[in-house]
Amino acid sequence: MFKFLIVAALFLSSYAYSATKTHTIAFNPYWLKLGHYQPSIFGSYESEVDSHTFFLSVNGKFDPYAELLASIAAFESENNDVACQFPARYQWLKKSFYSEWPELSCPDIEQWQQLIDPKGMTLVFPTAFMNDPASMFGHTLLRIDSKDQTRSRELIAFAVNFAAEPDATDNAALYALKGLIGQYPGKFSLMPYYRKVREYNDLESRDMWEYKLAFSELEIQRILLHLWELQWATFDYFFIDENCSYQLLALLQLARDDLNLTQGFSSHAIPSDTVKVLGEYGFLSTPRYRPASGTMLINFESQLTDEQIEIARQLKDGKPLGTFSLTAEQAVPVLEMAYEWLNYQYYDQGLAREAIAPRLTALLHQRSKLLSSSTFTKPVTPRISPDKGHDSSRFGMVFNNFKDSENRYGFNYRMAYHDLLDNAGGFIPGAQINFFDIEGDLDSDGNAYLEHVYLIDAMSLAPDNRLFDSWSWNVRVGFDRIPTSNKRKGRTFIQGGYGKSFGDASGFQSYFLASSLLQAGEFTDSASVGLGTEFGLFWQASDAQKLALTAQGFWLANDANTNHQIEFAAHWQVAVAQNWGVRSSYVFQNQQSTEQQLKLQLFHYF
Amino acid sequence: MKKFIAISAFTLLPLSNAMADQDIGCGLGSMLFAGQQGKVVKVLGATTNGTSGNQTFGITFGTLGCDGTGTVTASTKVATFIDGNMEQLARDMSRGEGETLDTLAEVWGVQAQDKAAFNKLVQAQFTHVFTSENVTSQTVLENLNHLVANDSQLSAYTLS
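Protein chains in written order, with the working numbering: chain A, 1 to 606; chain B, 1001 to 1160.
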């Protein structure tokens, strides 16, 4: 009897031990990372993976413990198919807790690893399109650099990409909407790197930045083993948060047991911010720069005289080279320019292939007859790479001084991303996009005011050059205050303009827009419609200083109290550090009455 | 997307027989030479970073052959690379220099000491490689292989 009790006690305690053991493993951070589990507000877990095929337990999406037990059971069975499906899980469990398990033997994985032959890993960040602020969010992908990779083999390295798999029958609007609300499945894929270079650099004209990541070979192997598992995973692709950049961090953090890169990205993940996170952990080195087709084109343009541009224009439009009496040395740059120019237009404007392709081919045929090398120099790398730009969220302390009412003190907050007065280093010149910008303040009596809420405030200033006519535009939607005879009253409005800009965003730039306005609020009896103009002058005085003068005037069609609305403003922002800035502004407004305002803001970007 | 396989004088080369039934490059393709237009792709790319075209990529893409089994042969690698880089190759070849042309020489297996000759050859014979705007990548490969085969310095690199 006594013996039996001892045996029973031993049995129970070993059972209890193994239950405790598995329970500990199930909530080990690495196991949670392997399953892409995130804690929910009720203390339970949910995986960001949405496909059943990624889980061995029926309830695996919501239960890391059940998933662990199912995995262990499958790994301990005779057949190693499941282990070869989830090699990262197997290897980690074996290394940390189950050293008695046999070595993993999976010919498919071995062949795959052999072909990829990984030595290093590079984070690739294509920046925004020119003249398209919405693409400021960018994209990120990884390149796996193989052991025998030289610079000239870089194009055939493998790229790891996370992207939505859209329904090809959806139209563009539906596509954008479904992308925003997570209706398309996101998946990881592997493809030749040139594929992405062609897509971003050449077709979409986005500059690319390549950051070599400081992972060891062993760490890269761990990342790749998990990538293999992600063949069975699909994620709902959300444009704002669970996007490419977030998912790449979730993959990269498998490199080390204690690495947690995704924390802090609960609400939104902007690619440039995810790049910065890797920088904070010390994974980034000085990036390489791959200029986009548009950047190359503008750079070539800057190296030609007006006369050469004119010849290139005529060659581009189909005039044969023989009509100009040029030496071979003179013909090379104009022929190359004509080709680049026409090729860019072909993609940018979606021109008809039947008309353009023969002309492009003819330009190349003529070029091939000239044996001189190209005389164009390459674009210089921008001095400030995207990871050195300011962070995308902004918090401000504000002092508002009004000529005709009391001083107010308050705060403002902007969720994202960049405006034309913010420090421009690392951003696309002349492009602004602000999402959700709110300001509130108090007067000395303790009365609180909502000064403004801008849901979106975007502007794109693309100046004309010798090659293109470009249009500039802006749009702003939200709530703010305007002066009336007795106090500043609120209005809700939408305003947009379209026009031209001149100059250089890195020096002096001016713009002139024709604008329209729709507004409603407590200052007026009914919604009013306005037509008017906006103009402005921006001056990048130094790397750290930006000045602006802006003006807008509207004629109001159906406002009972006044027929016009005028605003002049002057701004000066000094960047005191990468993530700190001071902005002083003077604003003159005239609607039903006149108000003058001085505004001082201290910004912190985070 | 099955590519139209051009029937040309070069189809007598062993290479083209070996590849006649293959869909070069697993359905990747050139936008210009394949005759698609770009604007739609650009609009769509902006929100979800989806891949353009209709092919799908998996984790094993390019490592196990186009249909996901077997291995990738040397000539398939060259063919795939040409197919995915038609325009950039055309541009580089017309100038006798450039990253894409350098990479082609690497993929082709051309040794460092022969690269200058390779670049010179493709520029001089450019009109015989990219014969027209309707040339297929298959034909470009065959034309290149024909040039290499008939060049005294480079004939050792002939693909078969």
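If you're looking for bench data, these hints aren't it; they were derived computationally from the structure.
There's no promise every hint is true.
These stretches of chain B come out as covered by chain A in the derived footprint (C-beta under 8 Å, 3 or more residues) [unchecked claim]:
(1) 1076–1089
(2) 1120–1131
(3) 1147–1156
With a cut-off of at most 30 Å between alpha-carbon atoms, the simulated DSS-like pairs for lysine-lysine come out as follows [claimed, not checked]:
(4) A/119 - A/147
(5) A/21 - A/119
(6) A/276 - B/1077
(7) A/500 - A/403
(8) A/599 - B/1077
(9) B/1115 - A/276
(10) A/147 - B/1115
(11) A/378 - B/1120
(12) A/119 - B/1115
(13) A/119 - A/487
(14) A/319 - A/403
(15) A/487 - A/599
(16) A/95 - A/21
(17) B/1120 - A/212
(18) B/1077 - A/119
(19) B/1120 - A/369
(20) A/500 - A/147
(21) A/319 - B/1115
(22) A/500 - A/487
(23) B/1115 - B/1077
(24) A/94 - A/388
(25) A/119 - A/489
(26) A/276 - A/369
(27) A/119 - A/94
(28) A/276 - A/319
(29) A/388 - A/319
(30) A/403 - A/276
(31) B/1077 - A/500
(32) A/487 - A/403
(33) A/378 - A/500
Don't be surprised by glycine CBs; every beta carbon is placed ideally from N, CA and C.
Evaluated hints:
1. 1076–1089: holds (count 7)
2. 1120–1131: holds (count 5)
3. 1147–1156: violated (count 0)
4. A/119 - A/147: Roughly 5 Å separates the two Cα atoms, so the pair holds.
5. A/21 - A/119: violated (35 Å)
6. A/276 - B/1077: violated (36 Å)
7. A/500 - A/403: Measuring from Cα to Cα gives roughly 34 Å; hence the hint is violated.
8. A/599 - B/1077: violated (62 Å)
9. B/1115 - A/276: Violated, because 40 Å separates the two Cα atoms, which is more than 30 Å.
10. A/147 - B/1115: holds (22 Å)
11. A/378 - B/1120: holds (22 Å)
12. A/119 - B/1115: Status holds; Cα separation ~26 Å.
13. A/119 - A/487: It is violated: about 67 Å lies between the C-alpha atoms, which goes past 30 Å.
14. A/319 - A/403: Cα-Cα ~64 Å, so violated.
15. A/487 - A/599: holds (18 Å)
16. A/95 - A/21: Within the cut-off at roughly 15 Å; holds.
17. B/1120 - A/212: violated (33 Å)
18. B/1077 - A/119: holds (21 Å)
19. B/1120 - A/369: Holds - the C-alpha atoms of residue 369 of chain A and residue 1120 of chain B are around 11 Å apart, at most 30 Å.
20. A/500 - A/147: Status violated; Cα separation ~50 Å.
21. A/319 - B/1115: Measuring from Cα to Cα gives roughly 34 Å; hence the hint is violated.
22. A/500 - A/487: violated (35 Å)
23. B/1115 - B/1077: Cα-Cα ~18 Å, so holds.
24. A/94 - A/388: This hinted pair is violated, its Cα atoms lying about 41 Å apart.
25. A/119 - A/489: violated (63 Å)
26. A/276 - A/369: violated (47 Å)
27. A/119 - A/94: Holds, at about 24 Å.
28. A/276 - A/319: violated (49 Å)
29. A/388 - A/319: violated (46 Å)
30. A/403 - A/276: violated (42 Å)
31. B/1077 - A/500: At roughly 48 Å apart (the allowed maximum being 30 Å), residue 500 of chain A and residue 1077 of chain B break the hint.
32. A/487 - A/403: holds (12 Å)
33. A/378 - A/500: With a Cα-Cα distance of about 29 Å, the restraint between residue 378 of chain A and residue 500 of chain A holds, given a limit of 30 Å.
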